[in-house]
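Read off the chains here:
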Amino acid sequence: MNTAAPQRRTMRRLEPAAIAGVMSRELANFRTYWRGTTFSSVLEPLVYLLAFGLGLGATLVKEVEGVPYIQFVGTGMVATAVIFSSALPAMFGTFVKHRFQNTYEAILAAPVDVEELVSAEMLWIAGRSAVYGCVPLIVTFFWGLEPALGMLLVPLFAFVTALGFAGFGVAMAATVAKIDQFNYVTALFVTPLFLVAGTFFPISGLPQGFQDLAQINPLHQLVELVRGGAFGFEAVDLARFAFLVVFALITWRVAVRRMHARLID
Amino acid sequence: MAAIELRGVVKRFGSITAVDGLDLEVPAGICLGLLGPNGAGKSTTMRLLTGQAIADAGELRVLGYELPRESKPARAEMGVVPQLDNLDVDVTVEDNLAVYARLYRVADVGAAVDRALDLARLRDRRRDAVDKLSGGMRRRLLLARGLVHEPRLVLLDEPTVGLDPQIRTELWTLIGELKARGTTILMSTHYIEEAERLSDEVAVMHKGRVISRGRPADLIAAHAGRQTAEVYAPPQRLAELRTSAEASGLRVRPAGPAIAIVGSERAGDGAVPADAVVRAATLEDVFVLLTGEEAE
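Taken in sequence, the protein lines are chains G and E.
Whatever position you read off the first sequence (first residue = 1), add 15 for our numbering.
Whatever position you read off the second sequence (first residue = 1), add 1 for our numbering.
Don't read these hints as lab results, they were simulated from the structure.
Here the structure is a predicted model, which means the values were calculated and not measured.
Note that the Cβ used here is the ideal one computed from N, Cα and C, for glycine as well.
A couple of the hints might just be wrong.
[Unchecked claim] Footprint (simulated), chain E over chain G, 3 or more residues, beta carbon under 8 Å: (1) 23 to 30; (2) 109 to 121; (3) 144 to 150; (4) 158 to 170.
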């Protein structure tokens with residue numbers, strides 16, 4: 016057998032082939048469980064819309080900021096769908112693949128680096144979230160929400176936000192020692208971010224301190240961008256989008272670094 | 002050029018030195034068995050070779066690539082079969098293979114999958130989910146997945162640990178076929194029989210370094226001689242026998258409920274009791290003498 020290297024290969028960082036390979040693994044797995052995930056991601060916003068939009072909307076609140084309450088909630092729910100379909104799968108999925116299934120050990124034995132692995136996982140989750148994030152919007156069409164051109168940007172907004180939360184989830188998965196510690200992460204970050212995003216009530220009604228906090232909540236920026244897409248953009252929306260891009264970049268780098276520390280001895 | 006060259010490799014985890022000045026050369030085309038007790042540093046060595054552990058000191062070259070700097074192209078040309086089954090259990094057999102064909106940048110994924118299916122003898126189960134397969138089929142698939150890109154070098158990390166004897170024999174057949182094709186193999190194991198059957202050469206690893214190396218027959222001749230006499234008796238008598246055998250210059254090792262008097266062909270009259278069972282010396286005798294630990 017020829018023992019000399021036939022040709023010396025050189026390989027770069029962030030190779031599309033490596034990222035596509037890791038994503039193809041996710042796709043192969045997704046094909047086995049997409050029904051359940053899709054069912055819950057359609058049903059959940061529907062339940063929320065019925066409870067809040069119809070329940071609250073029919074009895075206590077008619078309109079918020081000049082918008083029928085059900086449409087206010089429906090557009091806001093995009094952010095809810097995005098965080099729950101990005102942060103949580105990133106946290107639990109990454110932890111399970113690393114700790115219980117030893118999946119990453121096999122992937123990293125192939126010519127795939129931690130950076131490519133993490134990037135692929137984030138892209139996959141974000142792509143999925145971009146689709147699931149649109150569901151509440153589509154559902155709200157049935158309650159009189161008018162389709163608008165700006166809504167075509169919603170998948171992009173959802174994608175970028177989901178990238179950020181996927182990076183956050185991966186970084187958390189690489190940080191916790193045990194899977195039950197995700198309870199802290201959920202209680203300390205995910206739930207407050209979700210509640211103080213302006214989904215169910217306008218941020219302007221909150222005390223000033225909370226309003227300031229909401230400004231650094233990526234989910235709030237997404238809520239505003241989606242409402243911009245539905246009811247008209249403002250100049251400040253550009254800054255909101257830039258904020259989300261920066262959020263995604265930061266969590267990406269932190270996730271890569273944390274996972275590197277976790278996976279490479 | 003050797004397929005693997007390690008010089009003075011050191012890897013510490015906190016206060017534990019898992020690999021302690023390891024020198025190891027694996028020439029191309031052979032199967033080298035890395036034999037050692039649990040904790041000898043075999044798994045850490047495997048992780049160093051796949052770039053999942055970074056050495057604290059020493060030089061590592063794999064297929065001419067310098068690690069860790071050129072770990073990625075090195076990984077592209079080697080195959081790894083892990084100790085633990087990490088197949089995607091809900092996914093079909095062929096999809097498991099196709100994903101890894103892509104990760105290894107195989108040009109014709111379909112052809113690679115077919116080839117791997119033939120190798121694992123799973124062509125008729127290609128569309129079944131992995132969790133529908135028997136234990137033996139899963140292990141064959143795990144092996145085939147590591148070979149999907151036809152690597153020149155294959156790392157087998159305890160390939161049959163915890164498997165029942167029938168599955169073990171099946172896998173040995175597959176590994177034998179791989180050897181026959183001239184693929185270089187580095188196989189870690191703590192099963193003596195596995196090392197003896199499959200390896201052209203065995204390196205005995207203990208406390209993070211190789212303490213002896215050679216063809217199994219040469220190692221036996223050098224360290225254990227020709228014959229071993231095993232004596233089964235109550236502990237009290239075993240202790241007495243041990244003392245007298247050692248007094249006459251023989252080496253004695255524990256062997257479960259018995260003791261084994263190694264190199265018994267050199268024993269003088271009376272050193273080996275009449276009720277001893279005399280057998281040919283084995284690699285197990287060598288292993289226990291060298292590492293001081295009983296083999297599995």
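task = Enumerate the violated hints, using their earlier numbering and listing them in ascending order.
result = 3, 4
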